[in-house]
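Each protein sequence line maps, in turn, to chains P and E.
Per our numbering, the very first residue in the first sequence carries number 1; after that it's consecutive.
Per our numbering, the very first residue in the second sequence carries number 1; after that it's consecutive.
Simulated from the structure, these hints should not be mistaken for laboratory data.
Do not take every clue at face value.
Note: identical chains are not told apart, hence a pair may lie in one copy or across any two.
[As the list claims (entries may be wrong)] The calculated DSSO-like cross-link candidates involving lysine-lysine, where the alpha carbons are at most 27 Å apart (straight line), are:
1) 145 - 114
2) 88 - 47
3) 88 - 25
4) 25 - 132
5) 210 - 145
6) 145 - 25
7) 145 - 132
8) 33 - 88
9) 76 - 25
10) 25 - 304
11) 22 - 145
12) 304 - 33
13) 304 - 76
14) 33 - 22
15) 114 - 33
16) 145 - 88
In case you want the letters, here they are:
There are 2 protein chains.
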Amino acid sequence: MSEIRKDYVTDTWVVISEERAKRPKDFIRTHLKIQNGTCVFCSGNEKQTPPEIYAFREAGTQTDTPGWWIRTIPNKFPALRIEGSVEKHSNSIFSSMSGIGCHEVIIESPEHDKPLALLPVSQVKEVLEMYKYRLSDLSRDRRFKYTIVFENHGAEAGASLEHPHSQLIATPMIPVQVASELRGADNYYTDMGGECIYDAIINAEQNEGKRVVFQNSSFVCITPYASKYPYEMMILPRRHMPSFTSISEAEIPELADILRRSLNALYNILDDPPYNFYIHTAPVNGRDHVFYHWHLEITPRVSKVAGFERGTGFYINTLSPESAAIQLSGQTADSKQSTVDSHASTAGTNLRFPEET
Amino acid sequence: MSEIRKDYVTDTWVVISEERAKRPKDFIRTHLKIQNGTCVFCSGNEKQTPPEIYAFREAGTQTDTPGWWIRTIPNKFPALRIEGSVEKHSNSIFSSMSGIGCHEVIIESPEHDKPLALLPVSQVKEVLEMYKYRLSDLSRDRRFKYTIVFENHGAEAGASLEHPHSQLIATPMIPVQVASELRGADNYYTDMGGECIYDAIINAEQNEGKRVVFQNSSFVCITPYASKYPYEMMILPRRHMPSFTSISEAEIPELADILRRSLNALYNILDDPPYNFYIHTAPVNGRDHVFYHWHLEITPRVSKVAGFERGTGFYINTLSPESAAIQLSGQTADSKQSTVDSHASTAGTNLRFPEET
């Protein structure tokens, strides 16, 4: 018997329709290969990308040359452009604004074949430090209302290059999906006299226990109660913080640990599946969002989104989050892959961001 | 320079980012083939499906045997089940209801290789008559709050069988995407003293002219101003009707004509692309929705939905609806395919539905 579940925060409903116990191999499919010639993100090809915005690189090496281990560049084909002011046009039917924003690419490693799931935790930590630095920097541009970091891994997830990278887009308005989370969280906060709904989710999920995949001292990873997709995961900080940019130096390695374990579990049980992840954080340059609590969502692409989902926003998920949690947590993070921590000893403690130098 | 556009009715925004004039061949990709053995939807294999609910069939032929030309059956793997009552459970974090609903399949033709885009208009007309009959029938079940008809064409669009078919799902609540359209239409209606926003869209688009693809005496097909996807189309009835089930006998052939032309244009210029379409109609068994206006949306699957779209609900479309309209309307409906109208002379006028017999 299927069950219809409501998302914790928004009015989105999901049919959990698990006719039989599904195993990971029911979801493994042949991947579409991304066909490219020379990889412009590989070390040695720095001149083929737009000039770098910032990189973590060995002392003494030059901008746009090898020696980096994480590198941020402008997207060569940006969806939104940095130049200009936000001009709005509107009548009752047609509303538009100029396509002002920002679109950056964060190359996560000089190595072409090493996805985040297999990188050393120390490298994942520095990727997250780069996120924090770039998000903090862009939030100072008053034209922007929202900033999002996301990763497309695999062709089916929308990646056009195989080399591991994430992207950052800043937009001049708050996107609809974020707006609906903000509304839900705000309503709950008001109704409950100042309680955060995400704090309540963490408490309720830890009490139930059935959907907790991983946890450490600062973070919890769950398969959400109303997961839209098989193996969907959500990582929440235990500490209440509206914005990702408030993450502390002590919390970043903890996030790296849990993110790496989550992606590694997916990699191992689903044979390196395509996935997206993104960070939902509070909007920038607007009102206070004390009721919000940033989090990271991971959505594997192992099932098709069909006409019903497109037409309704109502999802059918053939794997219960309870089954997914058992499968995902049954994996130890490094059960199949060894990790070599190439930068941990030198790089981790010596990061300098432009505003600190 | 890209432009950010707002959906006519909801708070959804789209980046229209057309860096260069794109041609149809930029969007044509290799299709994933649907691998099946014997097709259970083909004529002769009726015993391999659940017993038929209703079929248009030749006089004297038996249920669940050949002789039909359109056949409705229960979905063998239903997302929602017809038996039982709707039971709700809720606390502040976890809300659910029993998976009650209905899931039917409408087989559009006995022929395996003839998609809707190539069927005779008279057959398309009868498919639409079947939609009307099944939607009317299901709307009498008081447990249901919404009914949607949709089609998944091609593996990338979520089809698991190649044989042309559409599906119908009835749900015990109003899905989030429909709810947000209803809210937008209701607000406009209230603000404008009883004007329908969809009537306003038809007027504004006909005045602008740039996004009108096809029209006839009862319907208009446009590429929406804030199209999320390349070649997205929307078919609207000129007559204000909240519910699809109010479509008149005179309007059904007109809808068949414009739907067939729209799908045929896609078929011809994009080499039979995967697509979804669905009908957005007023909810059933609830309050009056005088402010709403049913319509049909066609969304081709020629681009990837990536992490940015998943995380924000904000879409990036690399083909402007103005370019899409030029390309789509440049096709005559039957420029490449001949159509044989096998049932037009006999079947069209002799349909009898159960409640009429």
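Alpha-carbon proximity context of residue 114 and residue 33, limit 27 Å: Within one copy, since 15 Å is at most 27 Å while 31 Å is not.
If the cut is 27 Å between Cα atoms, do residue 210 and residue 145 qualify within a copy, between copies, both or neither? Result: close neither inside a copy nor across copies, 37 Å intra and 31 Å inter.
Status of residue 114 relative to residue 145 across identical chains (alpha carbons, at most 27 Å): neither (33 Å within a copy, 49 Å between copies)
Status of residue 76 relative to residue 304 across identical chains (alpha carbons, at most 27 Å): For residue 304 and residue 76, only the inter-copy Cα distance (18 Å) is at most 27 Å; the intra-copy one is 29 Å.
Reference check for the pair residue 25 and residue 132, CA-CA at most 27 Å: within, between, both, or neither? neither (36 Å within a copy, 40 Å between copies)
Intra- versus inter-subunit Cα pairing at 27 Å for residue 33 with residue 22: Both: 26 Å inside a chain and 24 Å across chains, each within 27 Å.
Homomeric proximity label, residue 145 with residue 132: Cα distance no greater than 27 Å: Answer is within: at 17 Å inside a copy they meet the 27 Å cutoff, but 45 Å across does not.
Checking an output row: residue 88 and residue 47, CA cutoff 27 Å. Within, between, both or neither? The answer is neither: 37 Å in one copy and 60 Å across copies each exceed 27 Å.
I want to check one pair: residue 33 and residue 88. Are their C-alpha atoms no more than 27 Å apart within a copy, between two copies, both, or neither? neither (41 Å within a copy, 45 Å between copies)
Evaluate residue 88 and residue 25 at a C-alpha cut-off of 27 Å and name the case that applies: within, between, both or neither. neither (50 Å within a copy, 33 Å between copies)
Alpha-carbon proximity context of residue 76 and residue 25, limit 27 Å: between (37 Å within a copy, 22 Å between copies)
Check residue 22 against residue 145 for me: Cα-Cα at most 27 Å, and say if that holds within a copy, between copies, both or neither. Result: close neither inside a copy nor across copies, 42 Å intra and 31 Å inter.
Hint compliance for this structure: hints 1, 2, 3, 4, 5, 6, 8 and 11 are broken, all remaining hints hold.
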